[in-house]
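S.K.: Can you make the complete structure from the sequences, with help from the hints?
Chains as they are written, first to last, in my numbering: chain A, 1 to 130; chain B, 1 to 490.
It should be emphasised that the hints constitute simulated quantities derived from the structure, not laboratory data.
You may find that some hints are simply not true.
[As the list claims (entries may be wrong)] Here are the computed distance ranges between Cβ atoms for each label pair:
1. A/D111 to B/T434: 57 to 67 Å
2. B/D28 to A/E45: 46 to 56 Å
3. A/S128 to B/N96: 50 to 60 Å
[To be verified] Here are the simulated DSSO-like pairs of lysine-lysine, each with C-alpha atoms no more than 27 Å apart in a straight line:
4. A/K11 to B/K184
5. A/K51 to A/K20
6. B/K184 to A/K51
7. A/K51 to B/K163
8. B/K308 to B/K290
9. B/K323 to B/K149
10. B/K184 to A/K74
11. B/K290 to B/K304
12. A/K62 to B/K184
13. A/K11 to B/K163
14. A/K77 to B/K184
15. A/K62 to B/K462
16. A/K62 to B/K419
17. A/K51 to B/K160
18. B/K160 to B/K232
19. B/K163 to A/K74
20. B/K189 to A/K62
21. B/K160 to A/K48
22. A/K11 to B/K419
23. B/K419 to B/K451
24. A/K11 to B/K189
25. B/K323 to B/K184
26. A/K51 to B/K189
27. B/K184 to A/K48
28. A/K77 to A/K11
[Stated by the list, open to error] Covered by chain B, according to a simulated footprint, are these stretches of chain A (three or more residues, beta-carbon under 8 Å):
29. 31-40
30. 52-63
Computed from a predicted model, the values in this text were never measured in an experiment.
Cβ coordinates follow ideal geometry from the N, Cα and C atoms, glycine included.
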Amino acid sequence: MYPENVKYSEKHEWVRVEGKIATVGITSFAQEQLGAIVGVGLPEEGSKVEKHGALADLDSMKTADQVFAPVGGKIVKVNRALEQHPEFMNDDPYGDGWVAVIEMADPGELDGLMSAAEYEAFVAEEASKG
Amino acid sequence: MTMPLIFERSEAGRRAYSLPDCDVPRKDATELLPGWALRKRAADLPEVSEVDLVRHYTKLSQRNHGVDVGFYPLGSCTMKYNPKVNEDAAALPGFNALHPYQPEELVQGALELMYELGRYLCEIGGMDEATLQPAAGAHGELTGLMIIKAYHESRGDGAKRTKVIVPDSAHGTNPASAAFCGYKVVEVKSDGRGGVDLDSLRAAMSDEVAALMLTNPNTLGLFDENIVEIAKIVHGAGGLLYYDGANMNAIMGIARPGDMGFDVLHFNLHKTFSTPHGGGGPGSGPVAVKKTLAPFLPVPVVEKKDGKFVLDYARPQSIGKVKAFYGNFNVMVKAYAYIRALGAKGLREASENAVLNANYLMRKLAPYYHLPYDRHCKHEFVLSGEYQLASGVHTGDIAKMLLDYGFHAPTVYFPLIVKEAIMVEPTETESRDTLDAFVDAMIGIAQLAEKDPEALHTAPHKMVVGRLDDVTAARRPVLRWRPNKQTNAG
Numbered sequence: 001m002y003p004e005n006v007k008y009s010e011k012h013e014w015v016r017v018e019g020k021i022a023t024v025g026i027t028s029f030a031q032e033q034l035g036a037i038v039g040v041g042l043p044e045e046g047s048k049v050e051k052h053g054a055l056a057d058l059d060s061m062k063t064a065d066q067v068f069a070p071v072g073g074k075i076v077k078v079n080r081a082l083e084q085h086p087e088f089m090n091d092d093p094y095g096d097g098w099v100a101v102i103e104m105a106d107p108g109e110l111d112g113l114m115s116a117a118e119y120e121a122f123v124a125e126e127a128s129k130g
Numbered sequence: 001m002t003m004p005l006i007f008e009r010s011e012a013g014r015r016a017y018s019l020p021d022c023d024v025p026r027k028d029a030t031e032l033l034p035g036w037a038l039r040k041r042a043a044d045l046p047e048v049s050e051v052d053l054v055r056h057y058t059k060l061s062q063r064n065h066g067v068d069v070g071f072y073p074l075g076s077c078t079m080k081y082n083p084k085v086n087e088d089a090a091a092l093p094g095f096n097a098l099h100p101y102q103p104e105e106l107v108q109g110a111l112e113l114m115y116e117l118g119r120y121l122c123e124i125g126g127m128d129e130a131t132l133q134p135a136a137g138a139h140g141e142l143t144g145l146m147i148i149k150a151y152h153e154s155r156g157d158g159a160k161r162t163k164v165i166v167p168d169s170a171h172g173t174n175p176a177s178a179a180f181c182g183y184k185v186v187e188v189k190s191d192g193r194g195g196v197d198l199d200s201l202r203a204a205m206s207d208e209v210a211a212l213m214l215t216n217p218n219t220l221g222l223f224d225e226n227i228v229e230i231a232k233i234v235h236g237a238g239g240l241l242y243y244d245g246a247n248m249n250a251i252m253g254i255a256r257p258g259d260m261g262f263d264v265l266h267f268n269l270h271k272t273f274s275t276p277h278g279g280g281g282p283g284s285g286p287v288a289v290k291k292t293l294a295p296f297l298p299v300p301v302v303e304k305k306d307g308k309f310v311l312d313y314a315r316p317q318s319i320g321k322v323k324a325f326y327g328n329f330n331v332m333v334k335a336y337a338y339i340r341a342l343g344a345k346g347l348r349e350a351s352e353n354a355v356l357n358a359n360y361l362m363r364k365l366a367p368y369y370h371l372p373y374d375r376h377c378k379h380e381f382v383l384s385g386e387y388q389l390a391s392g393v394h395t396g397d398i399a400k401m402l403l404d405y406g407f408h409a410p411t412v413y414f415p416l417i418v419k420e421a422i423m424v425e426p427t428e429t430e431s432r433d434t435l436d437a438f439v440d441a442m443i444g445i446a447q448l449a450e451k452d453p454e455a456l457h458t459a460p461h462k463m464v465v466g467r468l469d470d471v472t473a474a475r476r477p478v479l480r481w482r483p484n485k486q487t488n489a490g
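M.R.: Here you go:
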């Protein structure tokens, strides 16, 4: 049920890696929990972010939340389309709903991230806790 | 049934005012104002008659829900009835006709009221000194954090202490205020009983932490019995404790944050102390502190010297002013009137009845709605719409349906740690009849969720408008009327 070609964080972000370049977004589970996303605050392109640092601000009909960087590095690109179309994050979280592209400072930071199967088990355990 | 906007009622030449003849020489605006300050185009203000104007806004006001209209169990907001005698007090000319620039000797009564109100709040909170300046709760939070920051800086500890801890059940304003004050927010988990998880807190504590922000009872309506231990952990690492007073209505005259170990607290006069709330209030968020933090309070502080009341600006370590003049003075008058009317015994009774009403509702509703933390609650409690979710009914549907019963919906989807949360705060001012009517409505909705979930998906049915598309309203808001644009109509 979760795409196999990306890695997952405990904060419900996904990362797709090509060399040193990591594309980041939120998972289908995360967007479902947030409900309709109605506003996205993006970082500056060219700025730096640490692993676990705040990458973007989200407003949804239920709550306000943040996207955290699953890996640290330089933010080389952000998805400006989300400013006009926050619904992309709900409708296509692994495609048009991507948040930012990070040039990783340390690809070793990918080590702690989960596979699709591991993430699915992680989500199931979270859900059982309520 | 939609209503035309005031702009759509406009007919050229109609006027809702008549001004007396001008008795000074007329001048053109271009002679009086620089070019940049002048509009290039007329403002398209609506042109309506006085009676049309009055009817329009009267009708709008009749579409509102407020505590004077019906039950308003909005959790963590303390929507209690506001006694009208408060308004009489605030309307006294000696208070209402004051000018903030009047010299101290001509406003002794007003200063005395501010001084006494500060003393009462300190007594209620177990604190030593107070400021009445902040205009609302979140403003009080920011003021409190600035005081904490100033305290650490005065000890040469400011650069190192960059973090503020908040629990995952906190009001959203807590992390927002901390971030606004330049702090990094660290979240700690709640334990199985709904309190702060002590191991999480110990792990998060260090000499980089400036403060812990806590609400007690917390947003689950549960009193954190570990508060003394929590205070020990935070103080042990040199941090301070901030008390979010949003839930003060649960503990007046029973427990005092100062005695629990808190160093700073804010009050919401517009919640706990029965001053109007919503619709702009205005609010008032006084901050009270322990002695060690008093030098940092905003100036001026109202002091009593030789039997006279004075505005003390001579506090060199003060964080400065946080609001123009002295705060929302008329709100202070209303809170003062409320405290004096109830007295110490009455305030305690108010809290006792707030807690009793909440527990009554909680027990009546627990057979029909999931109660994730099954403990005695304080002034509010949190249900989960999880049972109803099984038939595809969301908490949002339940909230919309309640409107048809004439009730304001509870707070929903908060706190975040409860799935499909429904947070109910009845307050002490509701009778058992009202509570029972609310219980009947909630039971009726639970039964409907099983029999006819579709009816809930389309609720409300009896309001002037049905289910609004709130998602599109948030994503593509139409924020102002534009002439010649069809989208304004209907």
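S.K.: Now, for every hint given, state plainly whether the structure supports it.
M.R.: Each hint tested on the structure:
For the hinted restraint 57 to 67 Å between A/D111 and B/T434, the CB-CB distance of approximately 58 Å keeps it satisfied. For B/D28 paired with A/E45, a C-beta distance near 49 Å keeps the hint of 46 to 56 Å intact. Checked against the hint of 50 to 60 Å, the pair A/S128 and B/N96 passes, with Cβ atoms roughly 59 Å apart. At roughly 18 Å between alpha-carbon atoms, A/K11 and B/K184 fall within 27 Å of each other, so this suggested pair holds.
Taken as a hint, the A/K51 and A/K20 pair is honoured in the structure, with Cα atoms around 15 Å apart against an allowance of 27 Å. Among the hinted pairs, B/K184 with A/K51 is consistent with the structure: their alpha-carbon atoms are about 15 Å apart, no more than 27 Å. Among the hinted pairs, A/K51 with B/K163 is consistent with the structure: their alpha-carbon atoms are about 17 Å apart, no more than 27 Å. Restraint check: the Cα-Cα separation between B/K308 and B/K290 comes to about 24 Å, which is no more than 27 Å; the hinted pair holds.
In summary, the hint linking B/K323 to B/K149 is supported, as the alpha carbons are separated by about 18 Å, within the 27 Å threshold. With a CA separation close to 20 Å, the supplied pair B/K184 and A/K74 stays within the 27 Å bound. Annotation: proposed proximity of B/K290 to B/K304 holds, straight-line Cα distance about 18 Å (limit 27 Å). Annotation: proposed proximity of A/K62 to B/K184 holds, straight-line Cα distance about 24 Å (limit 27 Å).
Taking the CA atoms of A/K11 and B/K163, the gap is near 20 Å; set against the 27 Å cutoff, the hint holds. Simply put, A/K77 and B/K184 have alpha-carbon atoms about 25 Å apart, close enough for the 27 Å limit, and the pair holds. At roughly 24 Å between alpha-carbon atoms, A/K62 and B/K462 fall within 27 Å of each other, so this suggested pair holds. A C-alpha spacing of about 11 Å is found between A/K62 and B/K419, which places the hinted pair at or below 27 Å, so the restraint holds.
For the proposed pair A/K51 and B/K160, the alpha carbon gap of about 21 Å is at most 27 Å, so the pair holds. Using a Cα cut-off of 27 Å, the hinted pair B/K160 and B/K232 holds, with the two alpha carbons roughly 20 Å apart. For the proposed pair B/K163 and A/K74, the alpha carbon gap of about 24 Å is at most 27 Å, so the pair holds. For the given pair, B/K189 sits about 20 Å from A/K62 by alpha-carbon distance, which is consistent with the 27 Å threshold.
Distance hint between B/K160 and A/K48 is fulfilled; the C-alpha atoms sit about 22 Å from each other, no more than 27 Å. Restraint check for A/K11 and B/K419: the C-alpha separation of about 17 Å stays at or below 27 Å, so the hint holds. Annotation: proposed proximity of B/K419 to B/K451 holds, straight-line Cα distance about 23 Å (limit 27 Å). Restraint check for A/K11 and B/K189: the C-alpha separation of about 14 Å stays at or below 27 Å, so the hint holds.
Annotation: proposed proximity of B/K323 to B/K184 holds, straight-line Cα distance about 25 Å (limit 27 Å). For the given pair, A/K51 sits about 20 Å from B/K189 by alpha-carbon distance, which is consistent with the 27 Å threshold. Distance check on the hinted pair: B/K184 and A/K48 sit about 17 Å apart at the alpha-carbon level, within 27 Å; holds. Distance restraint check for A/K77 and A/K11: the Cα-Cα separation of roughly 21 Å lies within the 27 Å cut-off, and the hinted pair is therefore satisfied.
Look at the segment 31-40 of chain A against chain B: 4 of its residues bring a Cβ nearer than 8 Å to a Cβ of that chain, three or more, so the hint holds. With 4 residues having a Cβ less than 8 Å from any Cβ of chain B, the segment 52-63 of chain A passes the three-residue criterion, so the hint holds.
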